[in-house]
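Student: Protein chains in written order, with this note's numbering: chain B, 1 to 163; chain Y, 1 to 97; chain Z, 1 to 477.
Hints in this document: simulated from the structure, not taken from any laboratory. Hints are supplied without guarantee of correctness; some may be wrong.
Simulated crosslink set (DSS-like; lysine-lysine; CA at most 27 Å straight-line) [stated by the list, open to error]:
#, chain 1, residue 1, chain 2, residue 2
1, Z, K427, Z, K358
2, Z, K427, B, K157
3, B, K157, Z, K21
4, Z, K73, Z, K466
5, Z, K100, Z, K21
6, Z, K436, Z, K100
7, Z, K100, B, K157
8, Z, K352, Z, K436
9, Z, K21, Z, K95
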Amino acid sequence: MSLDIFILVLLVLAALWTVMTRSLLRSAIGLALTSAILTIVMFRMGAPLAGVFELSVCAGLIPVLFISVISLTQPLTYKEIVEHMKVRLKRFWALPLIVIILGIAFVFVNAKFKVNAPLAANQIDARSLLWHLRQFDLLGQIIILFSGVFGVVVLFKERKKSG
Amino acid sequence: MVSAISVVLLFVIGIYCILATHNLIRVLIGLEILIKAVTLLLITAGFIDLNMALAQGLVITIIVIEVVIMTVAAGVVLGIHRHYNSLDVRNIRKLKG
Amino acid sequence: MSALLILVPFFSVLILNLPLKGIRRLAFGTAIVLSLLQMASVFIPDSILWKAAQGAFGGIFNFELQGADILSKVVLFCIGMASFSALFVTRGILKDSEDKFNFINIILLAIAGMNGVALARDIFSLYIFLEITAVSSFILIAFNKDVLGLEGAFKYILLSGVATVLMIAGIALLILAAGSTNFALIHYALANHNKDLLISLAIGLFIVALFIKSGLMPFHGWVPDAYASAPAPASVILAGIITKVAGVYVLIRILVSVVGFSPQIRSILLFAGALSAILGAIAALTQSDFKRMLSYSSISQVGYIILGVGSGSILGVAGAALHIFNHAAFKSLLFVNSAAVESQLGSRDMDKMGGLAKQMPITGWTSVIGSLSCAGIPPLAGFWSKLIIVIALWLAGYKTYAVIAVLGSVLTLAYFLSLQRRVFFGKLNEEFKNIKEAGFNLTFPAVMLAALIVVLGILTPFILSKFILSFSSVLGG
Numbered sequence: 001m002s003l004d005i006f007i008l009v010l011l012v013l014a015a016l017w018t019v020m021t022r023s024l025l026r027s028a029i030g031l032a033l034t035s036a037i038l039t040i041v042m043f044r045m046g047a048p049l050a051g052v053f054e055l056s057v058c059a060g061l062i063p064v065l066f067i068s069v070i071s072l073t074q075p076l077t078y079k080e081i082v083e084h085m086k087v088r089l090k091r092f093w094a095l096p097l098i099v100i101i102l103g104i105a106f107v108f109v110n111a112k113f114k115v116n117a118p119l120a121a122n123q124i125d126a127r128s129l130l131w132h133l134r135q136f137d138l139l140g141q142i143i144i145l146f147s148g149v150f151g152v153v154v155l156f157k158e159r160k161k162s163g
Numbered sequence: 001m002v003s004a005i006s007v008v009l010l011f012v013i014g015i016y017c018i019l020a021t022h023n024l025i026r027v028l029i030g031l032e033i034l035i036k037a038v039t040l041l042l043i044t045a046g047f048i049d050l051n052m053a054l055a056q057g058l059v060i061t062i063i064v065i066e067v068v069i070m071t072v073a074a075g076v077v078l079g080i081h082r083h084y085n086s087l088d089v090r091n092i093r094k095l096k097g
Numbered sequence: 001m002s003a004l005l006i007l008v009p010f011f012s013v014l015i016l017n018l019p020l021k022g023i024r025r026l027a028f029g030t031a032i033v034l035s036l037l038q039m040a041s042v043f044i045p046d047s048i049l050w051k052a053a054q055g056a057f058g059g060i061f062n063f064e065l066q067g068a069d070i071l072s073k074v075v076l077f078c079i080g081m082a083s084f085s086a087l088f089v090t091r092g093i094l095k096d097s098e099d100k101f102n103f104i105n106i107i108l109l110a111i112a113g114m115n116g117v118a119l120a121r122d123i124f125s126l127y128i129f130l131e132i133t134a135v136s137s138f139i140l141i142a143f144n145k146d147v148l149g150l151e152g153a154f155k156y157i158l159l160s161g162v163a164t165v166l167m168i169a170g171i172a173l174l175i176l177a178a179g180s181t182n183f184a185l186i187h188y189a190l191a192n193h194n195k196d197l198l199i200s201l202a203i204g205l206f207i208v209a210l211f212i213k214s215g216l217m218p219f220h221g222w223v224p225d226a227y228a229s230a231p232a233p234a235s236v237i238l239a240g241i242i243t244k245v246a247g248v249y250v251l252i253r254i255l256v257s258v259v260g261f262s263p264q265i266r267s268i269l270l271f272a273g274a275l276s277a278i279l280g281a282i283a284a285l286t287q288s289d290f291k292r293m294l295s296y297s298s299i300s301q302v303g304y305i306i307l308g309v310g311s312g313s314i315l316g317v318a319g320a321a322l323h324i325f326n327h328a329a330f331k332s333l334l335f336v337n338s339a340a341v342e343s344q345l346g347s348r349d350m351d352k353m354g355g356l357a358k359q360m361p362i363t364g365w366t367s368v369i370g371s372l373s374c375a376g377i378p379p380l381a382g383f384w385s386k387l388i389i390v391i392a393l394w395l396a397g398y399k400t401y402a403v404i405a406v407l408g409s410v411l412t413l414a415y416f417l418s419l420q421r422r423v424f425f426g427k428l429n430e431e432f433k434n435i436k437e438a439g440f441n442l443t444f445p446a447v448m449l450a451a452l453i454v455v456l457g458i459l460t461p462f463i464l465s466k467f468i469l470s471f472s473s474v475l476g477g
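The shape of chain B in the complex, shown without the other chains (with noise of 0.2 Å):
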């Protein structure tokens, strides 16, 4: 039990770190190191294709895409850098605090929540789960999948004419 708790602990730590860190290259791979995390708090709790979905897209392709936007617009000079860096940290120095206070807070609030029973103790298969029963939703994620192909292909390409 106390393991877990010490998952969750590092996965918010995990979190502040990457917003809070000074350059976006380590944002990006503080973002791949939270869904990391975030995959063993998965697996602990029994997700595991939720969990190696989360591995694979969330701290794989997804930091891949944002370190390919930020290696393509490197835009600031060094100056400018250093610059950024002092002004950062009084925007941001809230943050941990709030974190820590609410934090604290939370461990002592004890909100009764009515939980209904789950509805039947089937125990059928995430797999199964999406490819019987809930093959509407796959339909729907092919189709966004569409989506993303023809968002690529109409804002990803360079214009040929100026403008």
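For this one, chain B is given, so just place chains Y and Z on it according to the hints.
Tutor: Same frame as chain B, now just chains Y and Z:
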């Protein structure tokens, strides 16, 4: 459940990041953190309800959707960069809304 | 077989993208035929098309779609109507053939998404198709990759992303409370435990998320930026139907089929609706950009729809649904007009315009019909839906809100008169002396929509009672 606390904290971190940052890509990273918070919430719900199949199916679907949204958003960010040669959020305050 | 409405647009996109010679030219025709068929399909009687489609397509696909009720049918018709107009505007505005092809494909995918939203009976499927619609609109807004379009798209992505997160959180809480994502099952589970903290939190999250997506005050910030900076055909379909399906319809559906109307929900809806209706109208009065004024007008009209829903009665919901249809009709019409004006003049600044009705008669007169319908002048269609909403509010005991609604109508008339005077009537600006009427693509949909508004305005009193009565099954279930 302890994970519920993490969910709320992640949520707060994500919102703060979106509000306080001056960089477009960090805005997207903040959005990502929000999505992670909500993913954790779904998994927690499945854990409590002992219905991991449903929760996992939903999380997998959300991850797919999230990728597509982030890709399109990255495309828009690239387009903005081509115009201003900068990723500063303050550049896109042109429209008065 | 109602799954066809989603599968056919999707398969059309697949087929259109095959590497066959000359197939790309079929894109426009295919999409037009699709939208016409969609509008027609709403009138096919229940037994043939709309029966619960279990095990359709020989067991390969097994979609759980129950038959569509009248609320979904209204929305499906509007989707067809707005897409029909947007397709013509696409042909008229976009010049590059590859651009046109991509745009039409994205519109088809958006149609598939919206149809899925209209037909879904499961809260997660609803969410997925909502995202499909959202992603398609992101791409449509940013299509021209000009500065303002990208800015509007980014703001929309951000706000829509936050709304997405809130909605998933709401879904997660509902799963905790009800154990399933199916509408009927959630409704059953919620009926017994109404005052729970968990459920109230879930409902609150949903309401905030859907307010953002509908563009209601105070979450309306993205609407004028996105509508005005999007390319003209995108604005037609965005304002005409996408925001309404993605925001208002989902809100109504959740309230009606899942959550039920409690007094607190009703007061929130009434307040937000009244705020949007009045403030949106006031903001519209101050605009000088044609499309921005229309965007604020949309915010105001969505406020009306929510006022109708907030009354909580069958009459109110029926009035809201009728206003969804009317708004789709007259707003699409007005945006088609603005596209015509923009393409001929090259500007959207209303202070520079004037007296265009002589040079662009079709655009001018159809815009008059659209404006009067929006302002609720009889015998045009808009009059009926506004009347029903006001009556519903009065009968449900919300007399102050009924008065506010009427006040909003007066403001609406005011800004539309201002629009007409500045753009189409009044003195002709020397600069635009030689402007001619816009081409077929930009006038044909305007004429069709205007005709539809006039015809429906005359026919509505005859079909009204039947229309309202069919909503009792929507609310009861």
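Student: Name the hints, by number, that the structure is in violation of.
Tutor: Going through the list in order, the structure violates hint 2 alone and respects the others.
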